[in-house]
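Residue numbers (this note's numbering), protein chains in the order written: chain A, 126 to 491; chain B, 4 to 386.
It cannot be assumed that every hint is accurate.
Capping the alpha-carbon separation at 25 Å, the derived lysine to aspartate or glutamate pairs in DMTMM-like fashion look like this [unchecked claim]: (1) 260(B) <-> 292(B); (2) 284(A) <-> 51(B); (3) 464(A) <-> 217(B); (4) 182(A) <-> 204(B); (5) 313(B) <-> 112(B); (6) 284(A) <-> 49(B); (7) 182(A) <-> 207(B); (8) 284(A) <-> 159(B); (9) 221(B) <-> 207(A); (10) 284(A) <-> 337(B); (11) 182(A) <-> 55(B); (12) 47(B) <-> 163(B); (13) 464(A) <-> 226(B); (14) 201(B) <-> 217(B); (15) 47(B) <-> 221(A); (16) 47(B) <-> 456(A); (17) 182(A) <-> 207(A); (18) 192(B) <-> 217(B).
Reference listing, derived: stretches of chain A covered by chain B, where coverage requires no fewer than 3 residues with Cβ under 8 Å from a Cβ of chain B [to be verified]: (19) 188-199; (20) 276-290; (21) 348-362; (22) 439-452.
Keep in mind the hints are simulated off the structure, nothing from the lab.
Glycine is no exception: its CB is placed at the ideal position from the N, C-alpha and C atoms.
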Amino acid sequence: MVNLQTSWEVRTLSQRASEALAGGQLGLTTGYLFAGLAGLAVFLAAMALVLVYAERKIAAHFQCRLGPMRVGWHGILQSVADSLKLLLKEDIVPTDADRFLHVLAPFMSLLAAILVLVMLPMSPALQVADVNIGVLYVTAVSGLGALGILLGGWSSNNKWSLLGAMRAGAQIISYEVSATLSLLVVVLFSGTLQLSKIVQSQADGWWIWRAPGVGLLAFAIYLIASVAEINRTPFDISEGESELTAGFHTEYSGMRFAFFFLAEFINMFVVSALAATLFLGGWMPFHIGGLATFNAAMDLIPPGAWFAAKSAFLIFVIMWFRWTFPRLRIDQLMRLEWKILLPIGFVNLFLAAMAVLFGFYFFPVQ
Amino acid sequence: MVSTLEDRVRPPAAAGGPLSTQEFFINMGPQHPSTHGVLRLVLKLDGETVREVIPVLGYIHRGIEKIGEHQTYRQFVHLSDRLDYLSALMNNWAVSLTVEKAAKIELNDRIQVIRTIMAELQRIQSHQLWWGVLGMDLGAFTPFLYGFRDREVLTDVFEETMGARLTMNYIQPGGLMQDIHPNFVERVKSFLKYFKPKLAEYEELLGGNVILQERLRKVGRLEAKTAVSMGATGPVLRASGVAHDLRKKEPYGVYSKVAFDVPVGTMGDCWDRYWVRIEEMRQSMRIVEQLIDNIPAGKHLLVKPAIVIKVPQGLYYGQVETARGILGIFVVADGTGYPYRIHLRTPNFNNLWSITAIAPGLRVADLVAILSSLDIVVPDIDR
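This is chain B alone, in the form it adopts within the complex (with noise of 0.2 Å):
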C-alpha cells in the first residue's frame, strides 16, 4: 500500500490526551553505519515507530550522464562501472549491449559465453557481500567477514584476468578488452567447489537463526502491485512474486542456451528477498557450471581498439539485468563518435523509493532491515 498524504500527517496516538506524542525528525545519513555510503534519510518518528522516510539524494552525484556526452562510446565503458559498482562488469556489459546494437556489431559465441560467465559470477560475488553486509546491519558482525572472505576468491580470479578488483573494465564494445587468463577455467571451478558448502554454511550460520527469521519475515512487505507501479526491479521485484528477469524475458548473452531458474518470492517481505538472493547464487552457479568448460574458441575482440565505433543517427535502448535490477541505457546518437546524450535508468534509484512505501509505520531497527534487503549501492542512485 502506497502511504497517502492522510497516513503521513496523521496525528500521533491519542493527540491531547494524557498519553499524547510528539512526532520528531531525525537524520539518518549522510553519515550513518547503515546507509551503506552516503544517503541520507529524513525520518519522521512517533518513538520508535516511523512515520515517514524522505530519501535524500544528490551527496555523491557526479553527473555521470554529463560527462558521459562528451567520451567516445568505449571511453564511456570506463564510467559505467562506477555506478553500481558491485555489479561493474554487468554495467560493462549494458553498454556494450546498446552500442553493439546500434552500431550493427555482430559477436562471436567466445565473446558471448565468456560475458556470460563474468556477469554471472559478479552475481555471486555482489550477492555475497550483500549477505555479509545483511548481518552486520542485523546486529551479527561475523557474516560480513564471512562474505567478504568468500568474496576475496572470486575478487582474486576477476584481478587474474582484468587486472582490477572493483571497478573492473573488461566488456567493451566489440568484444573483451583481453582474452581470459590461462588459469580462469581451472580457478573458477575450484571456486564453484569451494563456495558451494560455503552457501550451506551461510544458511546454518544466518538464514537458519530464529532472531534474523523474527526480524525478517513479514517486516516491509513489498505488494506485487506497488513494487511494479515503483519500478522495483531485479530480486527486489522478484521476491514480490512478479517472475520478471530480463535474462529469460529477453535473453542476451547465452541466456537462451543455458538452464536456470528464476527464484521467486510469495510475500514480498524481507525474508523473501533474502531468499531469493541466496537462490540465485545456486542459479549463478548453476549457469557457470554448463558454461564453464565449453567456452568456444576464437577471438575475443572484434573491433580492432584503434577504431572509434560511430553509431548511426537515431534513439538506442540497452538493458540488462544486473544484480540489483534492471540497468538500461538510453543513447541518443547523432551519427558521430560521441553521444549527444546519455540517460541512466538504475536499479538503485527505483528500489530505494519503494521504502516511502513499506517502511512507515516500522520500526527504526525495520528500516535497517528493509534499507539492507533492497541491497542499494549508493552511487548507482546518484550517478
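Chain A with its partners taken away, still in its complex shape (with noise of 0.2 Å):
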C-alpha cells in the first residue's frame, strides 16, 4: 500500500553472502559471514562499554557529579579497566549450586540480546540479515533472556536470588504481551513484518506520527513494556538492590556477573534501536512529504547516523528514567500491566485496525 521509494536498496551481509556463493566466489562468501560475525562481536563489546560509559557520565551529571575521570581522559578508559578486573576475578560457584544451569544461565541471557540484533537494520548497507518475519522473530527471540534470568535466580540457591528470579518471570512475561501489541500497530500500518521494509515504508513519516494517535500512544506504550521487559528502573524490582541486594545475580560475581551486565545494556540498545526503527523510522532521514528541497537536504546525512542519533537518544531517555524515578511494587507492576497498559493496547490497536482499514494516516503518498 505504501509506495517503496527504490533509491533504498537493502543489501543485507547474509545477502551478499549468498550472491558471492551464486557466483563461485568462496572467499568472498567466507570474507561477508566473517564480517558478519566478528562484526557484531566487535560491536557487542564496543557498545557494552560505550554504554556504561555513557550511563556513568549521564548519571553522574544528573546527581551534579563528575563520574570517572580518572582512567584516560575524562575517565574515558574506565569501563575498560573494569571490564578488565571482572575478567580477572575468581569465578565462584557456590557449593549448593546447580552448577550447569549456574553457568549456562549468562550466556542465555546475553545470547537472547545478541539474536536480536542480527536482525537490527542499521543502514541499508548493514544490516546482518532481513527475514520475512523479522517482528515475529525479534518478540520471540527476546522472551529467551527472561529464560537466563529464571535459571540464574533458581541455580543460585540462594532465597533472594529466587524472589528475584520469580520476579523477573513474572514482569517479562506479562510486559512482552503489551510490547507485542503495540509492535502490531506498526506491523498493520506498514503491511509487513519485515524490519528493512517496515523502515521503507517510512519514507514520507514516521509510523510514530503519520498513524494519527495511535502511532504515538503505541510508541508510548512499547517504551514503558521494554523498560520493564530489560529490567531497568522504575521496573527493576528483579534485581532491586535495596530490597533483594542484588535480586537473581546475589551469587554472580567476576565474568558471569559481567555476562547480566553486559545483556542488560545490549538489551537496552535493542530496545532502543527497535523502537527508533518502528516508531521512528529507523535509518531513514527525516522526510516530509512533498517537501523535495527539504527532504533532498536530509538525505545527505547518512543513514546510519539517523539510526544512531535515533537509537542514542532513547537510550538517554531510557537512562533518564533510571536516574529520576523510583521503583514500582512488584503487585502495582502487575496492576499496571494488565489492568492499564494492556487494555488501552487492545483498543488502541483496534483503532489502528479501522485507521488502515479506511486508509485514514497523515501524509498519504500522491
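Got two chains here, each in a separate frame; can you build the complex from them with the hints?
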C-alpha cells in the first residue's frame, strides 16, 4: 500500500554472502560471513563499553557529580579497566548451586540479546540478516532472556536470588504482551513483518506521527513495556538492590556477572533500536511528504547516522528514567500491565486496524 | 493493630489444597543494603508477602551505658553522640540538660539560643539525609546525592565552629565547648537562603512523583493507639496523629519563645511520615530564622572546664526531642563526679519495634519503605 522508494536498496550481509556463493566466489562468501560474525562481536564489546561509560557519565551529571575522571581523558578508559577487573576476578560458584545451570544462565541471557541484534537494520548496507518474519522473530527471541534470568536465580540456591528470578519471570512475560501489541500497530500500518521494509515504509513520515494518534500511543506503550522487559528502573524489581540485595545475580561475580551486565546494556540498545526502527523511521532520514528540497537536504546525512542518533536518543531517555524514578512494587507493576497497559493496547490496536482499513493516516503517498 | 500470635502462625492460603504454598524464613541483614547498618530482620515470608518480622539486635552493641559509669558527666557527652550520630548535638544536649537540672546549673540566654539553633540545624541535616536515603531505598538513587549535597553545606558550617563533621561534641554541662565561629551567623543565613528553594526541589523530584506516592500512601499504617502503646516518638508518632512534641509540651532551651508549628499526620502511613519530616525541615528553618539575628551577648561556658561536676545523690531524668523522637537519660547519682548508673531511653529502639505491628501482610518492598520511613539509626538501637 505504500510506495517504496527505490533509492533505498537493502543489501544485507547474508544476502551478499549468498550472492557471492552463487557467483562461485567462495573467498568472498567467507569474508562476508566472517565480517558479519566478527562485526557483531566487536560491536557488542564496543557497545557495552560505550554504554557503560555513557550511563556512568549521564548518571553523574544528573547527580551533580563528575563521574569517572581518572582513567584516561575524562575517565574514557574506565569501562575498559572495569571489564579487565571483572575478567581477572575469581570465578565463584556457590557450593550448593546447580553448577551446570548456574554457568549456563548468563550465556542464555546474552544469547537472547545477540540473536535480536542480528536482525537490526542499522543502515541499508549494514544488516546481518533480514528475514520476512522479522518482528515475529524479534519478539520470540527476546523472550529467551527471561529464561536466563530465571535459571540464574533458581540455580544460585539463594532465597534472594529466587525471589528476584520469580519477579523477573512474572514481569517479563507480562510486559511482553503489551510490547507485542504495540508492535502490531506498526505491522498493520506498514503491512509487513520484515524490518527493512518497515523502515522503507516510513520514507514519507515516521509511524509515530503518521499513524494518527495510535502511533504515538503505541510508541509510549512500547517504551514503557520494553523498559519493564529489560528490567530497568522504574521496573527493576528483579534486581532491586535495596530490597533483594542484587536479585537474581546476587551469587554471580566476575565474568558471569559481567555477562548479565552486558546483556542488560545490549538489551537496552536493542530495545531503543527497535523502537527507533519501528516508530521513528530507523535509518530513514527525516522526510516531510512533498517538500523535495528539504527531503534532499535531509538525505545528505547518511542513514547509519540517523539510526545511531535515534537509538542514542532513546537510550538517553531510558537512562533518564533510571536516574529519576523510584521503583514500583511487584503488585503495582502487575496492575499497571494487566489493568492499564493491556486494555489500552488492545483498544489502540483496534483503532489502528480501523485507521488502516479506511486508509486514514497522515501524509498519504501521492 | 498489633499482630497476635494467631495471626503469625496463620496457615498460608489454601493449605493442603492444590495451590498450597510453603512459608520460609529469610534473613534480611545484618549485611543488607537497606537495613541501614547492622540490623538483622528475620522475615517469615509467604512468597512476597511478609507474615512476620523479628528484629534481631546486638550487632553493634558497645555497652555505652556501662562505659558511662566510669566517665565523668562531662566525659559522657562524648559518648552520647555515638548513639544516634545524626542527632549528635541533641544527644549532647540531653546529657547536659539532665546534669544541669541535677547539679542546679543556671544558664544564660546566649547558651540557650545557640543550643537551640544548633539543634534545629541538626534536625534539618538529619532529615536531609533521611530524605536521600528514602529515595535510594525506593530505587531512586539521585535523591541520595542531592540530600548529601545539601547536607554538606551544613556540615561545613558545623565543622567551622566545632571542628567535627559527624560525631560532634559541642554542648556540655554548663554551656558550650567553644563560642560560635565569627562566620557562623553569616553562613547559616546563606544556608537558609540556599536551602529554601532546594526543599521545593525535593518535593518536585521525589514527593510529587506518582510512583513514590503509590509506594508510600496507605502503606504501613501505624494507628495512634498502637504507636503510643509501642512507645514510638518523634515524627513516627506525630505522623500517626498524636501531636506530642517535647519542644511544645515541655519546652527546654528557648523553644517557648519562638513561633513554630508541629506538623501532625492523619493516617499514620509512610506518606504521613514523609510529609511530617519535610514539614519539620520548614519549621526548623523558621525557628533558626527567628533566632539567628538575635543571639544575645554573654559567656559561652559558665562552669570552668577543670571543675568536675558533682551531682547530688538521687534519681534524675532529662529528655529532649531529637530528630527521631524522645531521647531520655536516666541517671542514678551517688553524689560523686561519676554516675552510679545511666540508662538511655533511645527513640529508635521503640520506633523500630513498631515494624512488628505494621509489617505483617505487606510485601517485601513495603518493608523497605517502612524501615526507611521509620528513619532508624542502628547504633542508637543497640548503644
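Hint check:
Proximity of residue 260(B) to residue 292(B) is assessed by CA-CA distance (about 13 Å); at most 25 Å being required, the pair is judged to hold. The straight-line distance between the Cα atoms of residue 284(A) and residue 51(B) is roughly 11 Å, inside the 25 Å bound, and the hint therefore holds. Straight-line distance between C-alpha atoms of residue 464(A) and residue 217(B) comes to about 16 Å, which keeps the hinted pair within the 25 Å bound. Of the pairs offered as hints, the one joining residue 182(A) and residue 204(B) holds, with about 22 Å between alpha carbons and a cut-off of 25 Å not exceeded.
Proposed proximity of residue 313(B) and residue 112(B) is supported: the alpha carbons are some 23 Å apart, at most 25 Å. The suggested pairing of residue 284(A) with residue 49(B) holds, with an alpha-carbon distance near 12 Å, which does not exceed 25 Å. Between residue 182(A) and residue 207(B), the direct Cα distance comes to roughly 23 Å. Compliance with the 25 Å bound is thereby established for this hinted pair. Taken as a hint, the residue 284(A) and residue 159(B) pair is broken in the structure, with Cα atoms around 43 Å apart against an allowance of 25 Å.
Between residue 221(B) and residue 207(A) the CA atoms are separated by roughly 42 Å; this puts the pair beyond 25 Å, and the hint is violated. Between residue 284(A) and residue 337(B) the alpha-carbon distance is near 53 Å, which puts this suggested pair outside the 25 Å criterion. Note on residue 182(A) and residue 55(B): the hinted pairing is violated, with a Cα-Cα distance of about 42 Å set against a maximum of 25 Å. Between residue 47(B) and residue 163(B) the alpha-carbon distance is near 48 Å, which puts this suggested pair outside the 25 Å criterion.
Restraint check for residue 464(A) and residue 226(B): the C-alpha separation of about 31 Å exceeds 25 Å, so the hint is violated. The suggested pairing of residue 201(B) with residue 217(B) holds, with an alpha-carbon distance near 23 Å, which does not exceed 25 Å. Distance check on the hinted pair: residue 47(B) and residue 221(A) sit about 22 Å apart at the alpha-carbon level, within 25 Å; holds. Among the hinted pairs, residue 47(B) with residue 456(A) is consistent with the structure: their alpha-carbon atoms are about 19 Å apart, no more than 25 Å.
Distance restraint check for residue 182(A) and residue 207(A): the Cα-Cα separation of roughly 15 Å lies within the 25 Å cut-off, and the hinted pair is therefore satisfied. Distance hint between residue 192(B) and residue 217(B) is unfulfilled; the C-alpha atoms sit about 36 Å from each other, more than 25 Å. Counting residues of the segment 188-199 of chain A whose CB lies closer than 8 Å to any CB of chain B gives 3, which reaches the minimum of 3, so the coverage claim holds. With a cut-off of 8 Å between beta carbons, the segment 276-290 of chain A has 3 residues touching chain B; three or more are needed, and the interface restraint holds.
Coverage of the segment 348-362 of chain A by chain B holds. Counting CB-CB distances below 8 Å, 4 residues qualify, and the rule asks for three or more. Only when three residues or more bring their CB closer than 8 Å to a CB of chain B does the claim for the segment 439-452 of chain A stand; here the count is 5, and the claim holds.
In terms of the numbered hints stated before, the structure departs from hints 8, 9, 10, 11, 12, 13, 18, listed from lowest to highest.
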